[in-house]
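One line per chain: the protein sequences are C and B, in this order. When you line the first sequence up against this note's numbering, it's residues 27 to 588, in that order. When you line the second sequence up against this note's numbering, it's residues 8 to 105, in that order.
All clues given are correct.
Simulated restraints on C-beta separations: (1) B/Arg-79 <-> C/His-334: 52 to 58 angstroms; (2) B/Leu-36 <-> C/Ala-299: 52 to 58 angstroms; (3) C/Gln-239 <-> B/Val-80: 43 to 49 angstroms; (4) C/Arg-159 <-> B/Tyr-45: 30 to 36 angstroms; (5) C/Gln-59 <-> B/Tyr-45: 23 to 29 angstroms.
These are calculated hints, taken from the structure and not from any lab test. In this text, a Cβ means the ideal position worked out from N, Cα and C, and glycines have one as well.
In case you want the letters, here they are:
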Amino acid sequence: MVASRQSKKRFLALSLVLLAWVLAIVLRLFGLQVLGYTTYMAKIRAQTNRVEELHSKRGTITDRHGEILAISLQSKSAFISNKDAAQSLNVLQRFCQRLPLPGVQRAAIARRIRRGDKFVWLKRKLTDEEYLRVRPLAEDAATAGAVDFLDEYRRVYPQGTLAAHVLGGVGIDEQALGGVETSLDPEIKGRGGRLKVLVDARKRIFQFRYLQQPVPGRDVHLSLSAPLQFIVERELAAAVAAHGAAGGAVIMLDSRSGEVLAMASCPSYDPEAIWNTAPAVLRNKAISFLYDPGSTFKVVLAASALEHRACGRQETFDCHGGVFAVRNLRITDVHPYARLSFDDIIVQSSNIGAAQVGLRLGGERYYDTIRRFGFGRRTGILLPAEENGILHPPADWSGVSLAFLSFGYEIAVTPLQMAVAFNVPASGGLRLRPLILRDEARPPEERALAAGCSEQLAEIMSAVVRRGTGTKAAIEGLEIAGKTGTAHKVKTGRYAGSYVSSFGGFFPAADPRLTLFVIIDEPEGLHFGGDVAAPLFRAIAEKAMLHLGIVPAGPAEGGVRL
Amino acid sequence: MMRRRGRSVLRLAVLAFFIFLVLFTYSGLNLMNVDLGYRQHEQLRQEARLRLEIDALRAQRAELLSLERIERVAREELGYQYPQPGQIVRIAEADDGR
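So here's chain B without its partners, still in its complex pose:
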């Protein structure tokens, strides 16, 4: 009699354990899902921010490399002049390929 009662308590305990396990797993997965949502959105935001930063840097680079600016710097700050005719000499390539 006692053994039969003990067995049904054990069965109930196992059943309760599995029910709790399922409930915890479900809640855990839900929490994980929400957490992943946060992280995914954060990554997307970061990606967007980095893209904007890259664009800003590309624009800055283009501005710094603009030929109008380079010419101004060359002429006004470095005192360069456009070469006069005859100043540029292109040496013919040597026949032996050197």
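The following block holds chain C by itself, in its conformation from the complex:
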């Protein structure tokens, strides 16, 4: 009986202890789950929730055949977490042993470390090979924690300098610095995103949600053809070197569509080192080089004269034996002629004859044609820094303006404007806006010249290459229509003793496929367009036609020899 009472007491005591324990747990849980809910949830969220920034990747730029011209690749950027200056300087020294940095850069990093900056870049956008060399530093016990890497995108131009002026380039933070990288930047760069993730104790993500969806940059397909661009750049560089010229530019258009197949400017540069390039070199001469076109502009004069029936093609003009005066200004011809027909004025490139035709034509009619050919305004190509050119309205012309404008002075043009103008007779009289993108919306065609006139103009231009000033552009079996040009350069407001040599044309003349315009800036020695620019035109044309499978006409038996 006594034993039973004792055991009851023990049971009661044990029950009370257990009850107190349970109560303590319940109270603790209440404290944690209810009273401290906000605090502890915040702590848990801080440990498990994370917002990750998703960097946008710039779109890839390809040529018309899909060959990559620019692409963004992920790369590592090395930095120092500067907690202890002495250790950080030691890290810097060991980093430089593996990957030497320029003295100035190294000194700047050391200065930032000593200043106490907590985050100091060592080198950004390492190549794979560089990363492999410095990666052990992040694993080495002596340097681990002080040096680390971040993922960034690095813009790569795998074709080197090819189409540098069209592509432009980007800066260290992928900001556009020229070319289509700038003009199409809003589409190419895309938009970064934000991802909310839940991580476990091992930092593995087990749940995620997009706070902002990343928008990848749009891939861009240019109208350029890499092989043609390569041919153009190589031949241009060779011609500039051969003539000791200051530079040059070439534009190649698809005669039927106006698509730019190649656009080169010399000197060129490496788009991956754009920030290290002189501004003068960065300038795309094809769209921003302003010059007086000289005799190549006689094509526009001839077009206007044919359109307005100012004279007959066989009508002759007095060329005054090579010297002619308009008001008090002298106009001369390189080769003196007594009389020349309208066709031969263009074929032999007589300035005096052109001035006579211009004076017959009249300012208003000529100005109207010049405007319709697209001068005095941008062509509208999707590239930055395109120049308008300079064209004054007839009301602002002096007494000699019309005569001088007839052979390409008192007007400033860009090589691209000239290429577009030369494409008018090639496209049956249409002025086609030059397109730099493969899928670019085609604007409505503008007729600059009646179809019949454009055929006649092409005939005259063919004669220029066959028997006129452009014979050095001729290719056996292939009819080329073209026009030479040599113009004095304007320096500090005056015509100087240096020249711009140019040649524009298209081929095959009967069914044009390519329109090509070339300029050589300040050639030394020979400076006539027919001697300097025409051979360059030929060098490009003969290689381009092989590439495009344009076969010259030849003897029926034994095949065609190129």
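Since the structure of chain C is provided, determine the placement of chain B on it from the hints.
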């Protein structure tokens, strides 16, 4: 009396079974959900890695196929020269289509 008691125990047991079943199913689904989260993220990471790898390979291919490099190799390593005029002969296609 005994039978009635046995029946209520059985009812309780069935109820407890269903409660546990629901609890286990709920926990199982939660675990599965977390596991799927891991796998989904892993797949996404793998996809991103593969895309980067593809980009790197495409860039490498473009670099190897760059015309400047091909010309250098052709001229310097293989000793090729640009054909002289007349060296390229295009034979006219035969009339019978051969």
